[in-house]
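Asks: Residue strings, one per chain:
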Amino acid sequence: MISAMLLRALDRRAVWLVCALLLVALAIPFANLVLPEGHPLHLPNYLVPLLGKYMSYAMLALALDLVWGYCGILSLGHGAFFALGGYAMGMYLMRQIGTRGVYGNPILPDFMVFLNYKTLPWFWYGFDNFWFACLMVVLVPGVLAFVFGFLAFRSRVTGVYLSIITQALTYALMLAFFRNDFGFGGNNGLTDYKDILGFNVLSATTRGALFAATCIALAVAVLVCSAIVNSKLGKVMVAIRDAESRTRFLGYRVDNVKLFAFVVSAVIAGVAGALYVPQVGIINPSEFEPGNSIEIVIWTAVGGRGTLVGPIVGGLLLNFGKTVFTSLWPDYWLFALGGLFVLVTLFLPKGIVGTIRDLLARKAPPRRDNTQPEATGAEDAPLVTEPAE
Amino acid sequence: MATRLLRLIGVLLACLVLAATPALAQSQANAAMVDALGQGGFPQREAAIATLVATGDARVVPILQALSDGNLYTRISDGKVVIAAKAGSAFALKGPLDGSELGTAAAGDLDKIKINNGLRGKIRTAIGQMTLLSTDRATRLSAAQSILKTADPTTFELLQTALAAETDPQIKSVMELAEAVIVLKTDATLEQKRAAIQTVAGHGDRDALTVLTAALTTVPDALKPDVQAGIDAINRQLQLWSVAQNLAYGVSLGSVLLLAAIGLAITFGVMGVINMAHGEMVMLGAYVTFVVQQLLQSYAPGAMEWSLVIAVPAAFLFTGLVGIAIERGIIRWLYGRPLETLLATWGLSLILQQAVRSIFGPTNRPVLIPQWMTGQVSLGGLDITWNRLWILVFAILVFAALQLVLNRTPLGLQMRAVTQNRRMASAMGIRTPFVDAMTFGLGSGVAGLAGVALTQIDNVSPNLGQGYIIDSFMVVVFGGVGNLWGTLIGALSIGVANKFMEPYFGAVLGKIIILVLIILFIQRRPRGLFALKGRAVEP
Numbered sequence: 001m002i003s004a005m006l007l008r009a010l011d012r013r014a015v016w017l018v019c020a021l022l023l024v025a026l027a028i029p030f031a032n033l034v035l036p037e038g039h040p041l042h043l044p045n046y047l048v049p050l051l052g053k054y055m056s057y058a059m060l061a062l063a064l065d066l067v068w069g070y071c072g073i074l075s076l077g078h079g080a081f082f083a084l085g086g087y088a089m090g091m092y093l094m095r096q097i098g099t100r101g102v103y104g105n106p107i108l109p110d111f112m113v114f115l116n117y118k119t120l121p122w123f124w125y126g127f128d129n130f131w132f133a134c135l136m137v138v139l140v141p142g143v144l145a146f147v148f149g150f151l152a153f154r155s156r157v158t159g160v161y162l163s164i165i166t167q168a169l170t171y172a173l174m175l176a177f178f179r180n181d182f183g184f185g186g187n188n189g190l191t192d193y194k195d196i197l198g199f200n201v202l203s204a205t206t207r208g209a210l211f212a213a214t215c216i217a218l219a220v221a222v223l224v225c226s227a228i229v230n231s232k233l234g235k236v237m238v239a240i241r242d243a244e245s246r247t248r249f250l251g252y253r254v255d256n257v258k259l260f261a262f263v264v265s266a267v268i269a270g271v272a273g274a275l276y277v278p279q280v281g282i283i284n285p286s287e288f289e290p291g292n293s294i295e296i297v298i299w300t301a302v303g304g305r306g307t308l309v310g311p312i313v314g315g316l317l318l319n320f321g322k323t324v325f326t327s328l329w330p331d332y333w334l335f336a337l338g339g340l341f342v343l344v345t346l347f348l349p350k351g352i353v354g355t356i357r358d359l360l361a362r363k364a365p366p367r368r369d370n371t372q373p374e375a376t377g378a379e380d381a382p383l384v385t386e387p388a389e
Numbered sequence: 001m002a003t004r005l006l007r008l009i010g011v012l013l014a015c016l017v018l019a020a021t022p023a024l025a026q027s028q029a030n031a032a033m034v035d036a037l038g039q040g041g042f043p044q045r046e047a048a049i050a051t052l053v054a055t056g057d058a059r060v061v062p063i064l065q066a067l068s069d070g071n072l073y074t075r076i077s078d079g080k081v082v083i084a085a086k087a088g089s090a091f092a093l094k095g096p097l098d099g100s101e102l103g104t105a106a107a108g109d110l111d112k113i114k115i116n117n118g119l120r121g122k123i124r125t126a127i128g129q130m131t132l133l134s135t136d137r138a139t140r141l142s143a144a145q146s147i148l149k150t151a152d153p154t155t156f157e158l159l160q161t162a163l164a165a166e167t168d169p170q171i172k173s174v175m176e177l178a179e180a181v182i183v184l185k186t187d188a189t190l191e192q193k194r195a196a197i198q199t200v201a202g203h204g205d206r207d208a209l210t211v212l213t214a215a216l217t218t219v220p221d222a223l224k225p226d227v228q229a230g231i232d233a234i235n236r237q238l239q240l241w242s243v244a245q246n247l248a249y250g251v252s253l254g255s256v257l258l259l260a261a262i263g264l265a266i267t268f269g270v271m272g273v274i275n276m277a278h279g280e281m282v283m284l285g286a287y288v289t290f291v292v293q294q295l296l297q298s299y300a301p302g303a304m305e306w307s308l309v310i311a312v313p314a315a316f317l318f319t320g321l322v323g324i325a326i327e328r329g330i331i332r333w334l335y336g337r338p339l340e341t342l343l344a345t346w347g348l349s350l351i352l353q354q355a356v357r358s359i360f361g362p363t364n365r366p367v368l369i370p371q372w373m374t375g376q377v378s379l380g381g382l383d384i385t386w387n388r389l390w391i392l393v394f395a396i397l398v399f400a401a402l403q404l405v406l407n408r409t410p411l412g413l414q415m416r417a418v419t420q421n422r423r424m425a426s427a428m429g430i431r432t433p434f435v436d437a438m439t440f441g442l443g444s445g446v447a448g449l450a451g452v453a454l455t456q457i458d459n460v461s462p463n464l465g466q467g468y469i470i471d472s473f474m475v476v477v478f479g480g481v482g483n484l485w486g487t488l489i490g491a492l493s494i495g496v497a498n499k500f501m502e503p504y505f506g507a508v509l510g511k512i513i514i515l516v517l518i519i520l521f522i523q524r525r526p527r528g529l530f531a532l533k534g535r536a537v538e539p
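Order-wise, the sequence lines are chains A and B.
Just so you know, we're using my numbering here: the first sequence kicks off at 1 and counts up by one.
Just so you know, we're using my numbering here: the second sequence kicks off at 1 and counts up by one.
None of these hints come from the bench; they were simulated from the model.
Please read all numbers here as calculations on a predicted model, not as lab measurements.
Accuracy of the hints is not assured; some may be wrong.
Computed list of lysine to aspartate or glutamate pairs in EDC-like fashion (alpha-carbon distance at most 20 angstroms, straight line) [claimed, not checked]:
id, chain 1, residue 1, chain 2, residue 2
1, B, Lys-511, A, Asp-255
2, B, Lys-511, A, Glu-289
3, B, Lys-114, B, Glu-46
Chain A extracted, bound-state conformation:
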C-alpha cells in the first residue's frame, strides 16, 4: 500500500522537483568544496549556510502550503512549529558544547550557569543524545499541533478565527520563551554551537553536508506532500477547502482530515526549523514573532498556493530578495514586502506558479483547476449585527 502511495506520489511534477532538489544537494557542496578557489563556478563559504537557510525556509513554506493551499486552513502560527523544532535541535547543540563554554560547566549550558541554575531542568534531559533530539524535533511540534488542532477543529473553529488563534498561540509562545526563567535562554536564545554529531558546525564540509541534508529533507517532504495530495485523502482535503460543510454532509470526517494535514504540516515545519538552526547558528524567541509567521504566508502566496512547487519557489525567491534588498536599500524593504502582500492578493491570487500554469493550460482544453479555493461557507458571508428593535 505504501509503495502504491509512493508510486502515485511520483507524478511528473514531483519527480522533476525531487530530481532538481537532489541535483542542487550535490551541486552546491561540489561548487563550494571541490572546485578550487579561482574557478568561475566556485561558491564562497559564506553562501552555503545562506542557501541552506533559504532551503529550510522553502520547506517551511511547503509545510504551510499543505494546510493552506490544499486544506484551506490559514495558519498564522507556523513559525511556532518551526521555532519549536529549531529549539529542540538547539538544545542538542547546546549540550554538545560541554566544557568548551565560557563557564566550562560540563552539564549546564552557559546561560544556565549565568542564571544560577544548580541542576539541569528535567526537560533538558536526553538532549545530549542526537536521536532523542531528532525524535523531539518531530514530536514537540507534532504533539502541539495535534492538541491544538484537535481542540480547534473539533469545535469547528474555522476561517479567520482559526488564523487569529494560531497567531495568539505563537504570540503566547514568544512571550513565554522571552522569559529567562522558562529554561530556554530567555531573549538571547541558544547559540555559540560547536559540534553536531562530532563535526564542527562551522567547518565548510559540515556546512556542505547540512545543506545537502536540507535539500534531501525538502525532497522527502515534497514526496510526502505529493503522496498526500494525490491520494484520496488529498481529494477530500481539497473538497474541505472548497466546501467544508458539504464535505461534512457527504459523510467525511472533516475534523480528522484537517487534523492529519495540520499535524503533518507542523512536523515538516519542525524539521525545517531543526535544519535551520545549525546553519544559522542561533535560535531565539524572535522566531516566534507573529510577523514572521505571516511572512511565511506571503512566500506561499507569491509562489502559488496549492501547487507544492510554488511555495518552494516563493520561499527561495523572497528570501533571496530580502537579503539583497535589506543590504542595498534597508529602509525600503518593508515597503517592498508590504507592497508585495497587497499586489499579490489583488492581482496575482494564484501566485507565480499558478499563473504560469494557467497560461500554459490556456492552449490545452479547459480543465477544472483546483488551485484556486472557492468561497466557503460561514467565513465568507458578511456577518451581521443584531437586528434593530
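Please arrange chain B on chain A, whose structure you already have, making use of the hints.
Replies: Just chain B, lined up with the frame of chain A:
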C-alpha cells in the same frame, strides 16, 4: 498621675502659646536676636531662644535645629552667630537668617555654642510649636509625619494641643496615629494603651500596620491579643483595598483595550473585514496628536493645554479618510475573501509603519500631557491617576457615541441593513459601496481616537499599533463578533482578569495565561461570548 499632671501643664502652656502665636507672628527675627544666642550662659541662651520663638518667624526653625544639632557657632572675630558645616579641615559658614554663604573658617576661629539636654528639650518643643501649630498646611503635615516617625514622648503635650486645634482631616489622622504611638511607648495605663491600639487599628492603612507590628514586641503581654487583632483587622481591610485597586487597574486596562478594539469591532465585527492594519490606524491617530501639538506649539502655544481636545476630531477625520481610501483602493476588491483581506491589510500595515518611520523617524516622539491629566486622585486606599480616569471616561463616551451612530442615525441603519443582507439593501436603494466605505471609515476613525488616548500612556513610535493588534483581536473574538456590547464586556473582563493575575504570576506569565484561556474559550464557544444566533451565523 505624673503624666497626667505633666499633660495638664503642657496643655496650659500650649494654650498660652496658641493665644500668643497670632499676635507675635507678625514680628521678624533679626540678627541681634540670633547673635544673642552666642552670649552668656545657659539661662541667657534660654531667654534668647524664647525671644526668637516668640517672633513666630519660620526662619527660626532651622537655626534652632542647628543649635540643637551642635552646628551653631560664634565667629570669634566679630561675635556673629553662624551655621557651620565641616568642609575638609575647615568649616563652611552660612548666615543663619538668610542662608548666605559666608566663606570658610578654621576650627580655631569659631566658638561652638554649648547646649545641654534641658535646652534641647526646650528647642524641640519650640520647633514643634512653630511647625505643628504653623498656619501653613504643608508644614503642619510634615511636622506631624516627622513626629510619627520619631515618636518622641517629649512632644506629646504639644501634639495633643495641636490635635485639639487641627481641622484638616489628613493631618489630624497622622497626629492621632502619632499620639497613639507615643502612648504605646510611654508608661501609660493598660486602658490608655488599649485605647491607643484601637485608634491605630481604626486607621487601617499601611502606616498603622507598621506601628502595630512594631508595637507587637514592645507592649505588655496583656495587650498582645489586642495588637494582633488590630493587625488582622488592618490586613483584612488592606486586602479589600487591594482587591478594589486591582479592580480599578483592571477596569482601566479594560478601557484601553476597549478603545483599541472597538474600531476593530466595527470593521471586523460588523463588516467581517479582517483589518490587520487596525493597529496602524491607532498609531496614525497618535501621530496626528503629535503633529497637532507641534503646530500648536508654533502657532498658538497658549492652546497647548487643550491640544488633546483639538486632536480628537483631527485624528478621527484623518484616520477616517485613510480608512476610506484603503477601503476604496484595496478592500472592496477582496470582499468575500477574508483570508486575502487579512494578507493585504497586513501588507498595508507594514507600508504604513515604514512610511511613518521614514517621515517621523524610528524613535519615540514626545507628546505633552496636559496639566489636567497629570497627578492622581486618592479614594480611600485607591490611587487612580487622572490620565487613566480620563481614558476610561473617553472610552465610555466613544462607546456610547458609536452605539448612537449605529442605532439612531440613518447611516447606522444603512450599515446594519447592508451587513445583514447586501443584495436586499441594494434593491431598496441603498448605495452599498458608499455604506461600505463609510463603515470602514468609521471603524478607522475610532481607531484614530484610540490613538489620541494612547499617547497619554504609551510611547508614540511607529510600533505603537503592533502592541495592540493581537489584544484587540482577542477582545473582539472573545466578546463575540458583530456585537459592540460583547466587545465592551470582553475588554473589561480581559482587563480585570489580567490585573488580578498579575500579582500572582507576574505581568508576562499572566498575559500568557490569558491568551491560553482565550484560545481554550474559543474552542468552547467558537463564536465568542455573545454569539449571534440563527441563520446569520452560518448561511
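Asks: Next step is simple, just say for each hint if it's right about the structure.
Replies: Each hint tested on the structure:
Restraint check for Lys-511 of chain B and Asp-255 of chain A: the C-alpha separation of about 30 angstroms exceeds 20 angstroms, so the hint is violated. Only pairs whose Cα atoms come within 20 angstroms are accepted, and Lys-511 of chain B paired with Glu-289 of chain A is accepted, the gap being roughly 16 angstroms. Restraint check for Lys-114 of chain B and Glu-46 of chain B: satisfied, since their Cα atoms lie roughly 12 angstroms apart, inside the 20 angstroms limit.
Hint violations for this structure: number 1 only, all remaining hints satisfied.
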